[in-house]
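Participant: Here are the chains, one letter per residue:
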Amino acid sequence: MNAGTEAASAEIYAMLSDFGALLNTPGEQLVQVQVRSDDRLRELTERLSRESYYLVTVVANDERELEDRRYKIYYVFSHLSADLFVIIEYLLDHGSVHYCSISDLVPAAEPFEREIRDLVGLCPATNQQVAAAGKVTRGSWLHDAYPPDLFPLRRTDTAAELRARVVADAKARRLDDLSAYRPAGPPDGIFAGTSFPVGPIHAGIIESGQFWITATGETIEDLQIRLGYNHRGIERMFQSYLNLIDGWRLAEQVSGDTSFAHSLAYCRAAEVLTDTEVPAAARFLRPVFLELERIHNHVAALGGLAEDVGMEQFAAEFAVLREGVLRLNKRLAGHRYLRSVNRVGGIGVAEPIEAACVTGELGRWIGSFEGLARALIVRSGFRDRTIRVGVLTRREGLKLGVTGLVARASGIPRDSRLGHPVGAYRDAEEILLAPGVVIGDDREAGAGDVFARTLVRVREVFVSHRLIGWLIGQWSELAPADRLKLATEPRILPKNNYTSAIGHAEGCRGDVVYWLMQDKMNGIYRCKVRDPSMLNWPALRVCASPRTRDGNRLETLVADFPLLNKSFSLSYAGNDL
Amino acid sequence: MTVGWRALSRLVMPDRLSSEPAISGGRCSFFVRHVDCGSSNVAEAELMSLVGPVYNLEGYGIRFVSSPSQADALLMTGPLTENMLGPALAAFAVMPEPKAIVTVGDWVTRSWPDDEGASPGRLAATLLGSYAVVDLPDTMKRAIVAQAPGDPPEPDVLIEALLLAAKRKSELRREEGRTGGERSKRLMDLGRELGRLRNWGIRERLRRQPIGEKP
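So the sequences go chain by chain: B and U.
Each residue of the first sequence is one higher than the last, beginning at 1 in our numbering.
Each residue of the second sequence is one higher than the last, beginning at 1 in our numbering.
Hints were generated in silico from the structure; no laboratory data involved.
Be aware that one or more of the hints could be misleading.
Unchecked claim - If you want the footprint, here are the derived chain U segments under chain B, 3+ residues with CB under 8 Å:
#: 1; stretch: 48-61
#: 2; stretch: 74-84
#: 3; stretch: 99-106
#: 4; stretch: 128-142
Claimed, not checked - So, partial list: chain U residues that the calculated Cβ filter (under 7 Å) puts toward chain B:
#: 5; residue: Val35
#: 6; residue: Asp36
#: 7; residue: Ser66
#: 8; residue: Ser69
#: 9; residue: Pro87
#: 10; residue: Ala91
The beta carbon of each residue, even a glycine, is placed where N, CA and C say it ideally should be.
So that you can see chain U by itself, here it is in the shape it has in the complex:
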């Protein structure tokens, strides 16, 4: 017997199995490329649960894509190891402008809780003393738009960081003052319009119209 979709809510589960986003105010269109810069795979495990049905990350409009050249932001986990510096920079280089980075965990930004004696801070300090961990290059440091602290961050924290990043990124685009920002806004308006239209014929007609002209 298969447990059907309708039975899901009866499972030992969650208060949060609906298509409605748990964190309000979050609807965006944001493509993320995950880059593991030397994390202990716990952050990856948590990211995997984000894309599943429970946290339904795509419901917010956030998607993990497979190439940095399609990405609005790089999602960096781990402290950035010497061995990953080259690949991480290569991924960063092919990203479209304006470049943006979201960091996961306390390592990359070196921002750990500052209570002395408490373990996370001391442990982070030891990792930074390691010969195999490099400092983030300045170009990348400047591109950080959001951080998700925690080891690993709780799913809610991750989602909030991603939504914040999406917001910052659209601000960045606007600041650029190029047509890019305006155009993408128009595209999104159009997309919203399309979503409302159920009629396939209308959608097809719209598609043939030049972008920006309201039907």
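Pulled out of the complex, with its shape left as it was, chain B reads as follows:
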């Protein structure tokens, strides 16, 4: 624990002990406090957000079978500069399904509240003096086709019963008459006359999601984002079908292009619960794969951006570079998207890794990338299309609690590799902060527009490349026996039944966070997945809407929207679960 963390945790201990009972939790960078009253919750949330804590995730859990016999909501906060998680364990009244909304204090909580409404069936209290409470309506995750009283994350129905209900309901409704299917109408509050839908099936190879764009002339007046089309019931499947040791397999399915970050976050949570020490070799090699994943995703996004501004040649060259990384992945891990690499307790790769091959190949690769990236960011055609387009200011970013690359491009230093370093990242701070290759200027990289996000992507590729070099070097210096010991066998600890743990990993879009609670008999009681996209989707809406900031009118043209969307490059599947 560093000095900053120590000071912050001493402070937070003093503050939290005023509020309620502090609970014991595994892991020293974690403070958990139990709160029962609404006023306490709101007071504490307000204090935390004032002292630059940000919301990481919100977990609603059906613990009616457990000791406290009620629903609970866990609010996980984290500090911007200190390595510390603060968890507020909020207890609902016995038998109640109403809770106190905090989305007016912390806007980032809003999507979570809608998710909780759909999946767990808890809603903000109606008598609450919060305007936001009325906004939490059903339909974001479970669309209208679902039976209205289906709450998949309540433990009263088994998974088979849930499925039977949906199927029975579908049979009653559905005929094989294809003409009966019409696109859904506009969401509430949208006047169909001036707005048009884009999606859910897009013109291109994109995931499913619907944007309702309201425009006057060419300017976007409002953007409504309707997601949930990819909802596969992942969280329920964790608790119904998988055991603690195998859960990473499903975690890889959450958002396919960030498979590794997801399985890593899951494994880290499971390793806390099973008290497993990861061997040194895996400590160095896991980040290698994580950075490789970041590189191929960033390069794909850069190619997409180049294509959207009409620079096909750049797009093609980025595609070639991306393919190079995917093939390197295949050689190292046996899978182009790094699946089945992580295990609880380490990693498993079939072929021994050749250090020289990785560094040599990436060395040639980065040379090509540098030439291409430098050429792209000085192109006036590219700069004209991207600078001051889709601005997300630092203040808005902080208010919305955005994460990952989107936050960093708005000048918010939120990076869990620095803020909550795990494993080899503890010693990598120097490399993460060092520019290495000077590209673009810092003012432009923090401006929050499409160009800034492009520039930050380019810079992060260089940082990742340096990190990989350093990690591979560290790994090769290990004794031969240590170098080949990639995993330890995890053991289930019954003492940790009904205990929760947090695992996180900085994927290409931001921090992927898993909140995992162990069940008896090697089971999973609850696994809450939080993809960074969940926090960043609302920012896309703000970004596209017209507003005045510091005397400047910010607005987005309809034609710029694809560019904006691509620069965020969010995951639909990761949000929908």
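Keeping the supplied structure of chain B fixed, place chain U upon it in accordance with the hints.
Facilitator: Relative to chain B, chain U alone:
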């Protein structure tokens, strides 16, 4: 400095950067509409690399189009979620006859490797037990002409599946016994002829001639 096209082959790359199709025997004219039915975006990531210069899907005559009403086939990824059932059916409904579907990944057709204990099979089984995943409607199930297994399928597998689909689709057209099949064959012959002609004037003259009459 820009890396030019001629430098591409010098990059860390591939054995396959030429305009020649990697899989022989494949030349067709096939329009595909991609529909994400709830995949974890990995299949989409792989499809993106297909249309790039490395795999050069258009070199085979296969193109992704933006509307199902222009498509020869729907390319379905993912297990088909309840929320996507409506949009997927709507896309299927506006497709011209004969309708055809290509599935990507192991989910849609429920065809996963059957080795017990192995993870993909068990995982697929769990996804199918989910409340949010529906069975493929019979009309769509009947329209499946090709499958690309794998999670995600390797690019080669995807290309092969698409070429197979193109072949099946032209068989379907012929089976229909309507003039459609014949006409499209004549059109393709004509197109091939046009390709050989370099002279713009000849091409223009041909264009004005009624279809089917050889110049």
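Participant: For every hint, state whether the structure bears it out.
Facilitator: We went through each hint and held it up to the structure:
1. 48-61: n = 6 at 8 Å, threshold three: holds.
2. 74-84: Our answer is that it holds, as 6 residues pass the Cβ test (under 8 Å) against chain B, meeting three.
3. 99-106: violated (count 0)
4. 128-142: With 10 residues closer than 8 Å to chain B, the stretch 128-142 of chain U meets the three-residue bar; holds.
5. Val35: holds, 6 Å
6. Asp36: Interface hint status for U:Asp36: holds (5 Å vs cutoff 7 Å).
7. Ser66: At 3 Å from the nearest chain B Cβ, U:Ser66 passes the 7 Å test, so the hint holds.
8. Ser69: Interface hint status for U:Ser69: violated (12 Å vs cutoff 7 Å).
9. Pro87: holds, 5 Å
10. Ala91: holds, 6 Å
Hints 3, 8 from the earlier list are contradicted by this structure; the remaining hints agree with it.
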